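Asks: Protein chains in written order, with UniProt numbering: chain A, 1 to 166; chain B, 1 to 135.
In case anyone wonders, no lab produced these hints; they're calculated from the structure. You may find that some hints are simply not true.
Unchecked claim - Capping the alpha-carbon separation at 25 Å, the derived lysine-lysine pairs in DSS-like fashion look like this:
| # | chain 1 | residue 1 | chain 2 | residue 2 |
| --- | --- | --- | --- | --- |
| 1 | A | K140 | B | K55 |
| 2 | A | K28 | A | K79 |
| 3 | B | K121 | B | K76 |
| 4 | B | K93 | B | K121 |
| 5 | A | K140 | B | K54 |
| 6 | A | K152 | A | K37 |
| 7 | B | K50 | A | K140 |
| 8 | B | K54 | A | K86 |
| 9 | B | K76 | A | K140 |
| 10 | B | K55 | B | K34 |
| 11 | B | K93 | A | K152 |
| 12 | B | K55 | B | K76 |
| 13 | A | K96 | A | K28 |
| 14 | B | K34 | A | K152 |
Claimed, not checked - Sample of chain B residues with no beta-carbon within 10 Å of chain A, all distances over it, derived:
| # | residue |
| --- | --- |
| 15 | R25 |
| 16 | A47 |
| 17 | R86 |
| 18 | L111 |
| 19 | A132 |
| 20 | R135 |
Please read all numbers here as calculations on a predicted model, not as lab measurements. Yeah, the Cβ is synthetic: ideal placement off N, Cα and C, and Gly gets one too.
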Amino acid sequence: MAPLKSMDHYCSEQSRLVTMVHWTAEEKQLITSVWGKVNVEECGAEALARLLIVYPWTQRFFDAFGNLSSPTAIIGNPKVRAHGKKVLTSFGEAVKNLENLKTTYSKLSELHCEKLHVDPENFRLLGDILIIVLAAHFTKDFTPACQATWQKLVGVVAHALAYKYR
Amino acid sequence: METLSSAEGQVGDHQEDFGAETLERMFTAYPQTKTYFPHFDLHHGSAQIKAHGKKVVNALIEAVNHIDDISGALSKLSDLHAQKLRVDPVNFKLLGHCFLVVVAIHHPSVLTPEAHASLDKFLCAVGAVLTAKYR
Numbered sequence: 001m002a003p004l005k006s007m008d009h010y011c012s013e014q015s016r017l018v019t020m021v022h023w024t025a026e027e028k029q030l031i032t033s034v035w036g037k038v039n040v041e042e043c044g045a046e047a048l049a050r051l052l053i054v055y056p057w058t059q060r061f062f063d064a065f066g067n068l069s070s071p072t073a074i075i076g077n078p079k080v081r082a083h084g085k086k087v088l089t090s091f092g093e094a095v096k097n098l099e100n101l102k103t104t105y106s107k108l109s110e111l112h113c114e115k116l117h118v119d120p121e122n123f124r125l126l127g128d129i130l131i132i133v134l135a136a137h138f139t140k141d142f143t144p145a146c147q148a149t150w151q152k153l154v155g156v157v158a159h160a161l162a163y164k165y166r
Numbered sequence: 001m002e003t004l005s006s007a008e009g010q011v012g013d014h015q016e017d018f019g020a021e022t023l024e025r026m027f028t029a030y031p032q033t034k035t036y037f038p039h040f041d042l043h044h045g046s047a048q049i050k051a052h053g054k055k056v057v058n059a060l061i062e063a064v065n066h067i068d069d070i071s072g073a074l075s076k077l078s079d080l081h082a083q084k085l086r087v088d089p090v091n092f093k094l095l096g097h098c099f100l101v102v103v104a105i106h107h108p109s110v111l112t113p114e115a116h117a118s119l120d121k122f123l124c125a126v127g128a129v130l131t132a133k134y135r
């Protein structure tokens, strides 16, 4: 029984960490004002394509996507575009549920662990790629404070997605 | 290599600014990185940040100009980091990421996916060289 007890303790520690995230009014403003101007389909497609190009080992999860043989192939791949849109649409749920990320991503977390077998490090990689895509899109409007808030957000989302792993 | 040179070429004209902005973003997004600079004035526009930012970017340019022998080009810096500065290796990733953000902001058209991949790979290589003599 000892291993189960320590696992429960670990999970509840993780869950406390996730539910303990506090967002200031300024942070919420920075998040929603940026998100309001994001084209989810374009941005999602670009973020996923860049993930697969910049970190090619991440292609390991996408054998079913067909041609990923070059940056051009990846960028033009309709399955990449569609999946990128799906992923970023889901990210939108985080923006709408900043106080309740653990619950919001509970099922997705289980899915990524038990069915998709994705190393949570990949969530961090995608989060950083998203930041760079946002930076290129918003340029000077993506201030240091804005970046800091979004780094916090992608970090917390990655954490919530990893929360149900066991 | 071409994409790197072109990217670095754009950076070279504004090295002081890019370096300073990279550091400022790193200090803001990752406050733990400030622990390596207790002796600095870290306010926006600080002369020390400008000067240090210029040093950082100059080192990157040096590395690009000797891309086939980064460890040779940065040997002295590698010694410095191993013997004196001992910056935890995780922080080179954070600095590299912020540098990419700065390039994305000022030259979004330069940072094509291929250039992004090359630059990221290059920055990882630089970090690896600077921490190579740690143990």
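Asks: Each hint should be assessed against the structure and marked as holding or not.
Replies: Structure-based check of each hint:
no., hint, in the structure
1, K140(A) - K55(B), "holds, 23 Å"
2, K28(A) - K79(A), "violated, 32 Å"
3, K121(B) - K76(B), "holds, 22 Å"
4, K93(B) - K121(B), "holds, 11 Å"
5, K140(A) - K54(B), "holds, 20 Å"
6, K152(A) - K37(A), "holds, 19 Å"
7, K50(B) - K140(A), "holds, 19 Å"
8, K54(B) - K86(A), "violated, 41 Å"
9, K76(B) - K140(A), "violated, 35 Å"
10, K55(B) - K34(B), "holds, 17 Å"
11, K93(B) - K152(A), "holds, 16 Å"
12, K55(B) - K76(B), "holds, 13 Å"
13, K96(A) - K28(A), "holds, 10 Å"
14, K34(B) - K152(A), "holds, 17 Å"
15, R25, "violated, 5 Å"
16, A47, "holds, 18 Å"
17, R86, "holds, 25 Å"
18, L111, "violated, 6 Å"
19, A132, "holds, 22 Å"
20, R135, "holds, 23 Å"
When each numbered hint is compared with the structure, violations occur for hints 2, 8, 9, 15 and 18.
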